[in-house]
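Engineer: What follows is each chain in one-letter form.
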Amino acid sequence: MEYGSQLADALVIVIGAFLAIVVLTLLSLTFLRYVNTWRERRISARIKRIEPSVWTVLTDGSAPADASDRLEGAVVKKRDRGALEKVLLDAAPALKGPDREKLTFISERLGYVAEDIHNVRTARGAKKAESAFHLGISGSERGVQALLSALSDSRKPFVVFACLDSLSHIGTPEAIEGVAGYLYAHQDLRNIRVAELLLERRREFAPYVMEWLKEGNEDRNRLLFLLRVAGLMEDPGMYGVIARYTESLDAEVRSVAARALGLLGDPKACPSLFRAMADSHGLVRIEAAEALGRVECDGALAALKEGLADPDVDVKRSCAAALNLLGDHGRAVLKEALQAAESEEGQLAAEVLETAYMRDSNGKDARGT
Amino acid sequence: MRFQEIASGVFLMFNLMVFVYFVLLNSTYLVLFGAALIETRKYLGRSRAVDLEEVFRSPLTPSISVLIPAYNEESVIIEVTRAALGLRYPHFEVVVINDGSTDSTLERLKREFGLQRITRLNDCKVPCAIVNGVYISSAYENLVVVDKVNGGKADALNAGINVSVHDIICVVDADSLVESDALLKIARPFMERPDDTVATGGVIRIANGCEIAGSRVTKVKLPRNYWANVQIVEYLRAFLGARVGWSAFRAMLIISGALGGFDRRTVIDIGGYNRETVGEDMELVVRMHRYLRSVKRPYRMYFLPDPVCWTQVPESWKGVARQRDRWQRGLIESLNYNGKMLLNPRYGVIGMLAMPYYVFFELMGPMFELVGYIMVITGVALNLVDFRFLYLFLAVAVLYGVIVSLIAIFIEGVAYGHYPRLPALLKLCVYAVLDNVGYRQVNTWWRTKAYVTYYTRRRKWGESKRLIYSDAGGAKP
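The listed protein sequences correspond, in order, to chains A and B. According to this note's numbering, the first sequence is numbered sequentially starting from 1461. According to this note's numbering, the second sequence is numbered sequentially starting from 3.
There is no bait here: all hints are sound.
Ranges of calculated distance between the beta carbons of each label pair, as one might list FRET restraints: (1) A:R1539 with B:D198: 43 to 51 angstroms; (2) A:G1641 with B:S296: 36 to 44 angstroms; (3) B:N124 with A:G1697: 44 to 52 angstroms; (4) A:S1740 with B:V297: 18 to 26 angstroms; (5) B:N346 with A:P1633: 52 to 60 angstroms; (6) A:Y1494 with B:D125: 52 to 60 angstroms; (7) A:F1734 with B:L345: 52 to 60 angstroms; (8) B:K298 with A:Y1817: 46 to 54 angstroms; (9) B:R119 with A:P1633: 54 to 62 angstroms.
In silico lysine-lysine, DSS-like type, Cα no more than 30 angstroms apart, as pairs: (10) A:K1508 with B:K221; (11) B:K221 with B:K429; (12) A:K1546 with B:K44; (13) B:K223 with A:K1508; (14) A:K1765 with B:K127; (15) B:K127 with B:K112; (16) B:K223 with B:K429; (17) A:K1587 with A:K1616; (18) B:K44 with A:K1587; (19) A:K1616 with B:K44; (20) A:K1616 with B:K298; (21) A:K1795 with B:K112; (22) B:K44 with B:K223; (23) A:K1587 with A:K1546.
From the structure, some residues in chain B lie toward chain A, with a derived Cβ separation under 10 angstroms: (24) R48; (25) N124; (26) F192; (27) R195; (28) L394; (29) V404.
These are calculated hints, taken from the structure and not from any lab test. We put the CB at the ideal spot given by N, CA and C, even for glycine.
Starting from the given sequences, assemble the full structure and let the hints guide the process.
Structural biologist: What follows is the structure, given as structure tokens:
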């Protein structure tokens, strides 16, 4: 009993101490957070105060050196340095031509670029990524080397993306080559951010994507990703390389290739799309029908009309929607299908025509799809 | 040996068992919450580097069908539909499913949005009750309303899945207001890992007491009602702690029915929602795990701590009791339907970790806890209890509970800051204590009672008294 009682006392003390430490830690961290919030509010207030004058300096047509001097001395006090950087970064996307060049000059002159290059080289984690982003926004070519070396050193995805993004923004041949090389070496990178990056500079990256598709790819998911991106690149040269994949042994690859051809909108794709309409897999026929609604192909009407009798309801629905996209001729085919009101074709035709009628008759609110 | 000595021995053994159970349970919570802290830090790091504008602009952003099942929701349906239509997302449709409401839910929708009935091919990909009609709006291109015979929430969602046309479905409760950028965040994992993402879930927060304007929560405030406040702490604990923690272990078994995104094709492959359960949200997720692991398809489910959906919670003990009863029955049903996964190595971390946790702590916990209270009271009455042990046990139980709640409040305060004023956080800390004294005990009673109702009550919509979302003054009774 004595032993049990001592044990209980010891447990109470240990647990009590543990809980006290946890509570104190939580409270102090929460307090620190509020101190941070308070500081952020002060910085926001400063930003608000200096923003109008910075905008005036950036857009008043003055010489970059003169603007930089004015910002450094008269317009903004030294303690506002952090706030000024934030204002410059926020302003960058809205500025074009000489104003944009002026901003890059000011960022260089005031030492922000040097600071960011230093951080990209030496900092870690979020700070590294943040500085990498800043270099991209300021568009300084001086940052390319630092970004490329950070890219090869870092494994953290958000740092990698920050570097890729910034290199793509800077857009010099060396930067583009660096991004392409990295993407080629890291084939598992196939997400939306990579796609966005490739599409933002589609002219520069299209030759690389075409080359990668020509090469073929053992990684099926990478291949699907490249086909999706290729369709959106609006590059007429892509047609041949995408069409090749409509004959793939993999149904999903064929369907994504058909969709990509539709997005490309090149009438040269028509024979491939007609072939896809006869594919054994429903998914391919759905995409082919949708694509025929977009590409101006002779014979699309007949192929889609035939598709209305497809055994797969989803293919039928896709054909009906595509016929509607083809305008009056397509709608005439749908009206014809209405004759057989009880059939699936008739009901689908009614569904598409009624919806189209509703949309056409008002068209006031075009939010969403 | 005298009876008193035997009884005393039995009580001591039982007390020890209860003590060990509590320490195990709360230590599991601490591990989960530790994982949640790490995961939250990682998530925030990742989020900082991602611009939602990119997601919005990208031509590769997948289209989403937002499904809103509604049964007798005339008081809130217009606000909720408007909030859904105003979501910031490039391509989406809103599908409201009127599940045979007996009030004027459908009429209000028709009047407000100028609905007109259209022909729609009845294409049953997943089973559901008879659809009376499909309506589209003359004012909003992306609004579809389905009117169907009453069949329950799961049935309504199945009807929505049949009518929806996009690759991702996002389920939203009819009493919830979704934050405008929630869809962008819900969709992000589907874009970042399109090959294997099958589900994403978001955080549900409590709108009671908040200021609402234009179908959006404009100012987050704490309510005055005790029940609502104590549930805020409970929700923070569940969403910012436990679910983030389970997501870190890739063993998330629940995605709330109030806000969740799913790969439509996978949902159709598993036959849609189970219409025989009141816990259709958990059952769907558990069945997805079961199916995907059975067919050995690599997959990921994500819990995202910042796509926020605001919902109303009951402000009376009766309302809370009904809700807990329904949730517990849903849990029993979900685990019952998928019991073969329990301790089955074939299902990996789900079978060996998540299922045992839910069975031993969530399912059996209330019963065990209730028996513990009864034994302690009996022991005190018969003078069989070592009071030092009893105090120790109570101290550990309550303080562990408080710590777990405080961690959740801490995550909220530091990482998300929805309650920007310090007094609000301190008030929540007080409720973190109150939650463990009184509320926890009645909750245990309600959840234990659910075993009885599980065998006696048939499945139906959870009917709770709705508050009206008012532009002028927040949620009003």
